[in-house]
Amino acid sequence: MLLRRWLVLVCLFACLMGAIASPARADTVRHPLDALTADEYETALTILQDQGLVDADSRYPFMRLQPPAKDTVLAWQPSEPFERSAFAMVKQGPAVYEAVVNLTQQQVTRWDEIADVQAGILLNEWLQAGDIARADAQWQAAVKQRGFGPADYKDIVCAPLSAGYYAAPEEEGRRLFRVDCFYSGDTENFWGRPIEGLTAVVDIDAGQVFKLIDTGVVPMPDSPAGYTEAEVRQQQPPKPLTWVEKKGHDYTMKGGVMNWHNWQFHLRLDSRVGPIFSLVQVNDGDRWRSVMYEGSLSELFVPYQSTDPNWYFRTYMDAGEYGAGKLAVPLERDRDCPSTATYLDAVFVDDMGQPYTQADAACVFERYVGDPVWRHYDAILEKSASRRDRELVVRFVTAIGNYDYLFDWSFGENGTLKVRFGASGMEEVQAVPAMDIDEAAPAHTRFGRMVAPQTVATNHDHFFSFRLDMDVDGPDNSFVHDDLKTVAAKEGPRTSFWTVETHTAKTESDAQMTLNIREPALWRVTNPHATNFVGYPTSYEFKSHGNAMTMMRPDDFPQQRAGFTNHHLWVTPYAANELYAAGDYPNQSHGGDGLPAWTSRDRAIEDTDIVVWYTLGLHHVVRAEDWPVLPTEWHEFEVRPFDFFDRNPAMAIAG
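For the sequence shown, position 494 matches number 594 in the numbering used here, and the numbering has no gaps at all.
Heads up, some of the hints might be wrong.
As the list claims (entries may be wrong) - Here are the simulated BS3-like cross-link-like pairs (lysine-lysine), alpha carbons at most 27 Å apart as the crow flies:
1) K518 x K354
2) K339 x K518
3) K606 x K643
4) K170 x K354
5) K606 x K170
6) K643 x K585
7) K191 x K311
8) K311 x K244
9) K606 x K590
10) K254 x K244
11) K311 x K254
12) K518 x K170
Simulated from the structure, these hints should not be mistaken for laboratory data.
Whenever a hint applies, use it, and build me the whole structure from the sequences.
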């Protein structure tokens with residue numbers, strides 16, 4: 101029961117509790133890009149075992165579909181057979197291997213040891229690290245100084261956190277967790293009760309506390325921090341709003357293939373990055389036209405801005421270290437999604453390679469946005485024409501530690517794809533002695549703001565990298581940036597105007613783009629072989645709705661690990677093995693992996709198959725209204741048609 105309590109309380113791996121109670125079911129495979137089924141996971145594991153490559157002590161941080169080659173998928177027809185393969189990251193003691201298992205041919209086609217890396221974090225390790233900290237005599241003595249004895253241990257929640265990398269010689273080669281603990285005895289929001297000034301650094305392979313960081317006793321906050329009816333005075337519930345589909349959905353889903361109005365795409369759920377959208381096409385009259393071969397989250401970087409010995413390491417790579425997909429939480433019906441939504445299950449594997457089902461891991465629904473997609477008022481005729489904006493939404497929620505992240509991929513009738521994320525959940529807070537800012541010493545609020553007595557919420561960032569393999573009217577594309585420039589007028593009473601200077605990026609370095617409102621530009625993926633009816637190359641534009649830039653120095657260790665945040669947009673030539681912006685193994689990585697390493701070759705990107713990497717970021721200075729639960733804060737960017745259609749595609753919407 102204690103184990104179950106920790107899982108539920110900490111919520112970092114709470115989704116797996118539902119998985120334990122929900123055995124995976126075998127689904128029919130209809131498409132080469134369908135996610136692996138439970139049967140296929142079991143087959144892959146059996147083949148590895150039969151080959152003598154794995155044993156009972158082997159662990160599996162990530163397993164997923166190994167997709168067929170891109171050209172194979174593009175050439176495939178629904179009536180044709182196809183092969184299936186599985187990819188597995190395998191941890192054998194301290195060693196890490198990568199395996200590819202051909203399920204159709206029943207053989208291992210790849211088995212490679214990957215040197216000098218740390219695999220993604222395992223559930224069992226995470227639980228074990230907390231137990232190791234609790235059993236340590238020095239840790240027990242330290243919490244005793246803070247007023248906690250063995251009888252309180254049942255209410256102490258320990259959160260083993262990813263350790264990062266800081267070039268400390270004594271840490272080299274160790275697989276580390278930095279364990280911070282919290283008290284849950286008087287509130288369900290244990291994040292608001294940090295046992296401050298105490299971090300146990302656990303060497304998980306050695307099974308011991310490697311070192312204990314104790315910077316002194318700090319009184320624990322005791323102001324209200326909860327969010328249930330027991331701690332919060334609930335308002336009178338509002339009158340209900342009903343979401344009605346009298347004639348059913350306008351979308352259809354056959355296996356992983358979704359059709360809705362003028363859109364078609366394939367959807368699968370991945371344990372590392374969550375939803376993956378493939379073969380995205382839009383209908384233009386009597387023909388389907390390709391927009392994107394594949395799009396997904398790539399990495400999620402959350403660095404806290406503190407040099408405190410118990411805080412500086414909190415620079416998380418949430419997708420690569422923990423797995424944004426396998427931390428999906430069951431969606432609350434009629435709260436997280438409308439009551440009319442369709443809910444989708446995901447099949448993942450646990451540490452032992454055994455499949456399980458995460459129920460209600462994503463939802464699909466239609467909605468009217470509440471705005472007109474276009475309108476016009478004719479003053480002569482005194483008549484308006486207006487059409488409602490409607491979109492199809494695929495929503496996914498992952499709970500990673502204290503934060504809940506909502507991801508919406510929205511498809512509009514105007515041909516635009518919106519990628520949107522919302523941040524909610526709890527803030528990580530630091531305990532301080534002061535009751536308010538009048539009592540607080542400057543050092544208390546150096547790294548954040550007070551949100552409650554004795555409670556400082558630490559400044560931090562969120563950076564989301566998205567990988568978008570664009571295929572605008574086919575795979576051979578170019579990247580264009582249209583720079584808006586001020587020009588002196590040589591005629592008439594005007595002294596200046598602005599014009600557009602179009603540049604086609606030749607190599608990767610030409611396409612490293614950073615937003616600058618003083619030097620505006622349009623960023624577009626074009627097809628040099630396709631034109632609209634007046635002769636412009638067809639294209640899709642990346643349009644920002646606000647963004648942030650990293651403010652850390654280039655030589656800072658977290659920034660070296662997250663080099664993808666150096667620019668808002670990167671372009672690389674398509675490579676099937678380049679999937680993650682911070683590299684395949686960000687856990688305790690030394691930095692420089694992923695996009696900085698790949699683009700250092702400065703490969704050609706003109707008129708070829710290219711991938712766009714877009715980073716969406718925000719700086720979070722926490723306010724009082726963000727405590728104890730953060731109101732969902734939304735950020736988005738658009739991938740919208742630009743000279744792709746001959747006219748407004750939303751003209752076809754019926755009045």
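How the hints compare with the structure:
1. K518 x K354: Satisfied, since the Cα-Cα distance of roughly 23 Å is no more than 27 Å.
2. K339 x K518: 30 Å, violated
3. K606 x K643: 21 Å, holds
4. K170 x K354: 21 Å, holds
5. K606 x K170: At roughly 23 Å apart (the allowed maximum being 27 Å), K170 and K606 satisfy the hint.
6. K643 x K585: Within the cut-off at roughly 18 Å; holds.
7. K191 x K311: 25 Å, holds
8. K311 x K244: Satisfied, since the Cα-Cα distance of roughly 18 Å is no more than 27 Å.
9. K606 x K590: 33 Å, violated
10. K254 x K244: Status holds; Cα separation ~14 Å.
11. K311 x K254: 23 Å, holds
12. K518 x K170: 24 Å, holds
In the structure shown, a violation is registered for the earlier hints numbered 2, 9, in ascending order.
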